[in-house]
Amino acid sequence: MQPIIAIQNLSKVYASGLKALDGINLDIAEGEIFALLGPNGAGKTTLISIVCGIVTASAGRILAGGHDIARDYRQARRMIGLVPQELTTDAFETVWATTSFSRGLYGLKPDPAHIERVLRDLSLWEKRDARIMTLSGGMKRRVLIAKALSHEPRILFLDEPTAGVDVELRRDMWRLVRSLRDTGVTIILTTHYIDEAEEMADRIGVIRKGQIILVEEKAELMRKLGKKQMTLNLQEPLAALPPALARHDLTLKPGGQDLVYTYDTKGERTGITALLADLAAAGIRFRDLQTSQSSLEEIFVDLVKERA
Amino acid sequence: MNWYAVRAIYGFEMARFWRTALQSIVAPVIATSLYFVVFGAAIGSRVASVDGVAYGAFIVPGLMMLSLLTQSIANASFGIYFPRFAGTIYEILSAPVSPLEIVLGYVGAAASKSILIGLIILATAALFVPLRIEHPFVMVLFLLLTAVTFSLFGFLIGLWADGFEKLQLVPLLIVTPLTFLGGSFYAIEMLPPFWRAVSLANPVVYLISGFRWSFFGTSDVGVGVSLTMALIFLILCLAGVTWIFRTGYRLKT
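Chains as they are written, first to last, in numbering that gives the first Met the number 0: chain A, 0 to 307; chain B, 0 to 252.
The shape of chain A in the complex, shown without the other chains:
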């Protein structure tokens, strides 16, 4: 299937000489939620800004829905909605006016029913006649989303959508993103919060120093890089690991009460059955057992550290 966004050999060097993006190649499939992860200054916002037409590329080509974003900018931009990272809103305009303004800007006929739906979905309906400057930061964030949704985009960019918002709004945002995806909207979000990517994304891209170092299905990424650990809580503490268990990747926690077994989820055999059999043979009994899987956060930290 043709990707809805195709980024080819994209580079950006700012006038200051800073190389923000370095030969980016990335395809986004229609209807997916793609999370772009990366440390501060990695080039996430620059990448989004170029696709949306706010920053000009130094080299490379971008197609949105098959339209070149530079040559066929009208067709390309019509498809794209952007929620910027900074709370850049008007101050004196009302919520209703600013949302309707955005729709007009994108060349769409006024549609009060659609604007009403968007404002209601974002719990902004009660505030429709309020001036934006009287709203809280979280409400302003909602206004920015309403503006982006006012023109019914097929691709939505969310640049750090939940930076500095409270838990409730974060949950709302996640719910909204999922319901948008259900209507076929493709969503690209950048985030610092790994749990957000873990919770929502279908695919994850990691960007570091202007280069995409990894793009992977989330489930695949977790499976590939995720290590699982099984902790056995023993009935009787051990002074040292019995030689009978030496063939297993085991560590004994200080105190001798907990035995930790690390295994790879990639492998066909996890070795758990053999371990349990050896434990029984050695006469070691355990009270409790728990397994844990490394989170995306741990994976991410490992990745960025590894290549540093």
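Among the clues, some could well be false.
[What the hints assert, rightly or not] Simulated coverage check for chain B against chain A, where a stretch passes if three residues somewhere in it have a Cβ under 8 Å from a Cβ of chain A:
hint, region
1, 11-17
2, 86-93
3, 152-164
Note that these hints are calculated values from the structure, not bench results. All values reported here derive from a predicted model rather than from experimental measurement. Cβ atoms here follow ideal geometry from the backbone N, Cα and C, with glycine treated the same way.
Mind docking chain B on chain A? Use the hints.
Below, chain B alone, put in the same frame as chain A:
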């Protein structure tokens, strides 16, 4: 053409105008009334008529030009500078709009506002002095041409400025002196020969002279020359704006 976008920008800018109606309408009316009290009534009563026109009436076209110039520049420069300052320009840059549509929206609104103010001043003036307009079509033409040209000029300043200080700099240091020295309150021929020659290098002289001709049929320079100068300045401003959008100067990094 994305007419909905032009309408959206135009409407947004006009809403700003009405929201600050006190500042944008009442202030110029009061300022003009003050000019009439000072120049028209107090000083004008001791000044003989100029070219057969009573002094109070003689200054009306110049006063209108003064407001037209300053209001066009102020409105257009602030209109585009503020989104750049506040960051809301991101939306304009990422929308499917062409430079022409952006200019039509912003410059169209700024020109509309200053024409409106010019007409209000004309109406106010009519309360103080008897007025006649001999060439109404030429008068409207000058009104339009000046409003559009100086709104474009203001738009350029708003794109160029990278601080509120620069936004004030050009109007304060260049436009206001040129307007006062451009014959708002006197005919150029009242000046000594040397200063008369210097004045001919001032573009505002041609605008005021042409505009005054449309009222009273008298002028410092030929009306054809005035129109030509106005057109040349319009073309210069258009070229400047085109260059900025071509290169993305101060708009995109």
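Hint-by-hint comparison with the structure:
no.	hint	in the structure
1	11-17	holds (count 3)
2	86-93	holds (count 7)
3	152-164	violated (count 0)
Hint compliance for this structure: hint 3 alone is broken.
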